[in-house]
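Listed here are the chains, written in short residue letters.
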Amino acid sequence: MATRAESDTRDSARLLDLADPERFHGQVRLPDGDLSWVKSALAHMILIRAAEEKIGNLVSEGRVRCPCHLAIGQEAPAVAVASCLRKGDRVFGAHRSHGHYLALGGSVHGLIAEVLGKVTGVSRGMGGSMHLLDITHGLYGTVPIVGATIPIAVGSALAAKMDGQGAVAVSFFGDGATEEGVFHESMNLAATFELPVLFFCENNLFSSHLHIGLRQPADSVSRFAEAHQMTWDRVDGNDVIACREATNAAVANIRSGSGPHFIEAVTYRWRGHVGPSEDDDVGVERQEGLARWKLRDPIRRLADAMLDASQLGEDHLEALWAEARAEVDAACEAASKDRYPRTEDLLNFLYTSAP
Amino acid sequence: MATRAESDTRDSARLLDLADPERFHGQVRLPDGDLSWVKSALAHMILIRAAEEKIGNLVSEGRVRCPCHLAIGQEAPAVAVASCLRKGDRVFGAHRSHGHYLALGGSVHGLIAEVLGKVTGVSRGMGGSMHLLDITHGLYGTVPIVGATIPIAVGSALAAKMDGQGAVAVSFFGDGATEEGVFHESMNLAATFELPVLFFCENNLFSSHLHIGLRQPADSVSRFAEAHQMTWDRVDGNDVIACREATNAAVANIRSGSGPHFIEAVTYRWRGHVGPSEDDDVGVERQEGLARWKLRDPIRRLADAMLDASQLGEDHLEALWAEARAEVDAACEAASKDRYPRTEDLLNFLYTSAP
Amino acid sequence: MTVSYGGAIREGFAHLLENHEEVFAIGQGLWSPWYVGNSMTDLDADFGRARVIDTPVSELACTGAALGAALSGYRPIVIHPRIDFMLLAVDQIVTQAAKWRFMFGGQVSVPLTVRGIINRGGEQGAQHSQALHSWFAHVPGLRVVMPSTPSDARDLLVASVLCDDPVIYIDDRWLYGEEDDLGPTPEVDLRQEGPRVVHEGRDLTLVGCGYSTSLCRQAAERMAAAGLDPEVIDLRVLNPLAPSVIVESVRKTGRLLAVDGDWTTCGMAGEIIACVTEALDPGALRSRPSRLTLTDAPAPTSGPLERIYYPTVDDVVHRAETLVGVRQDS
Amino acid sequence: MTVSYGGAIREGFAHLLENHEEVFAIGQGLWSPWYVGNSMTDLDADFGRARVIDTPVSELACTGAALGAALSGYRPIVIHPRIDFMLLAVDQIVTQAAKWRFMFGGQVSVPLTVRGIINRGGEQGAQHSQALHSWFAHVPGLRVVMPSTPSDARDLLVASVLCDDPVIYIDDRWLYGEEDDLGPTPEVDLRQEGPRVVHEGRDLTLVGCGYSTSLCRQAAERMAAAGLDPEVIDLRVLNPLAPSVIVESVRKTGRLLAVDGDWTTCGMAGEIIACVTEALDPGALRSRPSRLTLTDAPAPTSGPLERIYYPTVDDVVHRAETLVGVRQDS
Ligand SMILES: Cc1ncc(C[n+]2csc(CCOP(=O)(O)OP(=O)(O)O)c2C)c(N)n1
Ligand SMILES: Cc1ncc(C[n+]2csc(CCOP(=O)(O)OP(=O)(O)O)c2C)c(N)n1
Ligand SMILES: [Mg+2]
Ligand SMILES: [Mg+2]
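These protein sequence lines map, in sequence, to chains Y, C, W and F. For the first sequence, position 188 matches number 201 in my numbering, and the numbering has no gaps at all. For the second sequence, position 347 matches number 360 in my numbering, and the numbering has no gaps at all. For the third sequence, position 30 matches number 41 in my numbering, and the numbering has no gaps at all. For the fourth sequence, position 1 matches number 12 in my numbering, and the numbering has no gaps at all.
Honestly, the hints are just simulated from the structure, not real lab data. Don't be surprised by glycine CBs; every beta carbon is placed ideally from N, CA and C. Treat each hint with caution, since some may be false.
[Unchecked claim] Reference excerpt, derived from the structure (chain Y facing chain F, CB under 10 Å, subset only):
1) Met143
2) Gln229
3) Thr244
4) His286
5) Val295
6) Pro354
Start from the sequences, fold in the hints, and give me the full structure.
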């Protein structure tokens, strides 16, 4: 496939140059033909970046107290995958899912209100950053127990298969989650029952403070797809075009009944495991790598390509940022004024009716 | 390796002709040179078979009440592996571990007393068939929660590595256990920490009533060794010589510090999942396969080879059976007369001293 | 029609699969002729293997998958042939299913039933004997159901599956032989169900759940023959617990014996004592409340030990008589 | 020397690693500067990464591996930075570690310590807040320890690790700021430790464990100022539970309030009430026993809800005063 990173040798165990922070700093390759999606992807990634930067600031200022795992630097997979889905599809995320929510069309206001604990939040203020749900836009749930949504996504795929309407389930998770046994159990279930689920691993090389080299004997998790007899792709996770092309093809196959598929998108987070700091206190790989990895910025690489191809002007790009920031500021302003859940409601969500 | 079954194409996902019940009915290939071990292996397999047949009868007669998972037909791996170990090594089994215990040198009396619930049993009458422990002979524990001893074996390997004395841990488990997430977590730990553990899977194609084809997308579990970056072998599990040669090489490597290794031995159980019946009520594969699989009898195939090579006479073979049956009967006789644990002792084993 | 407890469970499944297309069953052993006793025999043949799904040995993922289907328009029942195996699925039950509705502000409901079977005795030993209903009763967000009769076994299964909250339905293989005359299958609202007086009396209150209710009933009959008149309460729904029936009974009898097949500390029997003593003035009690529970040890295998390990009808009668003062030794 | 609760835990680890070569620590976050607060800072640097082992995200296998090492001559401590994560390891804790000694007839012992950290508040929400010590206290074969002071945090950690039985050691991040003057580290026998009166009094008995003991102490001080004189008991060892200290205290005070940071049903507070009412004649109580527990719901995130979700010193004082009759409303 033309869009696959040059490094992809079909060695399912090694990331090779995709793991090299000196590589893939240049522009992404634009697709032929209509670029309208590319433009909206750029705008969307910028919006996500702006929203997460804002949330980071709110945390620093002490205005947001719930733990926030920012995906700054990882905007591409969310935007790419969301663009390949349709109504009826169901997406599950984990602790680092602001981007998944926004990419699917969730409102910035719903997110900021949620992290502020307001009743207008996407989870009615009951979940905070780590528990987001927005069924209308296909986000069926994100939770912070590592690996927990993977079997849930598989079960949602089982439901989709029973429905027979061609819907697809997507499970987003990180490289760390592949160390939880439930990941393997879920892969086996999906493969055995031939379920319509896309396993999408954002391999950012870290689980909390630990580099994958300290946690696994090889750095690419695509080897698990092979073990569970699943087709797979590995992509540059900071190339939104490559992510989209791989996902589009995968989703089409899954929809047509060919069973599960696995995509590994190699990326890197710029901020700490949790909160706005950069976590440069957690080991050599990260101290040395972060600055280089920032050169693989998915937003800048796409913007440069579009500027170069005269699909975008510098002023237009600045306007995109300004608009995004304005939207985020307005959402924050509004959310700040929203009310908190009523304390009388604490027990109201427990059971379908008071016991 | 000369001893590897001809079918082994290094395709880690497919058993190919090793799964074909029409194949491997003939004699096993005897090693060159001294055959004294082969003779003792034959005697040991016969003893295990005789002991398990006896236990099956005791169950039928209602004299044994605890659930007994018989390994009749699967005697080869236990005998082969035990022959490659030395003092200090530690073996962990599961629910179908009578053979592992006997192969390591455990007494028939200790086993029969245990399944009868006598205080002279190997677990003091507190465990029954499914919970055997005999540290003196290197059996560190067998339990019936599927997959549960796999991480325990890995931890014992961690201890062995810390000890620095070259001891090896062996984890016996079945194909069904590879569906438990903890199997994968354990494989990853062992590979990441380079622990001296041999993962030994007896793939008998069934987990309870279900054929592996209904539980996994491929019939060979060696693919998981590849995924976890482990060296592996696949052997005819009904060829005790092949099992021993693969294990000997593996154990030597592990001892020398080369990290974990995985062996898949393909075999078949003749009796039901639990108890003495043949379970021919559980699906076509088993109904059709059982009679054919019995032609792959590990005992007969070895005996035939030895008869053919004039290493054994018919009368000698019959004597082996007679001795084994006599030993088993005597053990049973003795165990029947042993006493039960005292009811006052029910709480004595709970904590190191009464609370 | 006379139906056994096991047969009644099967009737419940058949009713659900027949009348509710969004119901399906998933778990280990569902295509086996013997795995879950007679409680699901031939359901796969009758309703198809697409709706009666046997699985790999993966308790955690199978439970999570059932939860995922419950969030996507279905009413799955996930079956664990033993509570011991179900413990591998604790995360999906306790940290996921019990909490999803709450932590998403009530925007989703979780019509998931997790069936765990208590399967003990027969010298199976420590890892094939646990009950642990007290654990699940401890967790807000779960409804916990334990039927002690064939009719409850059927009707509470139906109610559990039709309930929009996650339900832990626990049946006990020791009850499979009990028989009842059953009429047509009703669809009751689980939220209206709770503890029930199953035998009226006035000398003391015996409380049980599942198999221990059966012990209490038998003990009550035995005691009646000896001129004593105990009241027996079957808990039926352990969480959320509605203790008022028990409190009112003890207010009347002045004596309480809670019987449970789970361990003592932080167990269901202690909970009953706590509920009652919190609710009644000390003067309302004619004697100290008492609990009779499983021996506080893992299950042994050896026959003679196993026979003293589990509470029996004798034990209940003995303890009850001591409480009432008919018997002097304690 | 004045040491914080977190620092005291670190002292316990340092003592163990220094003096007992068979001790090692394994778990997530052990090489992180912030994962487990200040309770293990730089242990990896001081004692080497071969004995202070950080791990993949595999709770079940890591716990099983620690058990395996415990069976092979070592005294491992496996660390779970949150109880919520530790639930993935329930099989290895409850069905394996707690039972191996028993089911092999006492031929092996299991010197394994499982450290679970209660880490709640801070709007972390439903899946990052659970305590569940009541669950582990329910399981025969486990010893369950909850220190409420820096000196217990250190000394009971040492005692847990040197004990030949499996121990669940639960510390609470909300206590990490507490300070004590600590002398040299003693090595005490855990089997001799149990509940302890930490504040003498005669008007009523307050019982807590871990952080809830701290609430009780503060409440006692506050009430003393108002002329009331409660006795405070710190459970310290929840299982096996030795309730006699509590029973004797209530015999004296006639009143009991059990305070717990875990849920109500089948929880530790109810267990205390059951133990006491089983042991005392009803007439020994001057009022109904009472329990103050966590709100029976998952933890919310939103600040205003979180503030009413956890029991506070005010709540303890209020409930205690009601019990004693100083306050009329209930
Ligand atoms: C079961 C469980 N164990 C541990 C944690 C603590 N934890 C939270 S996020 C995380 C890292 C997961 O890494 P990965 O899956 O790669 O996601 P990333 O943070 O890189 O996006 C860990 C270990 C948890 N939340 N749940
Ligand atoms: C956690 C758990 N789940 C389910 C079971 C029930 N069970 C007992 S043995 C077994 C089959 C395991 O198959 P395999 O590992 O291949 O071993 P085999 O019986 O073939 O020797 C099952 C499912 C169990 N004991 N433990
Ligand atoms: Mg990661
Ligand atoms: Mg098998």
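Violations among the numbered hints: 3
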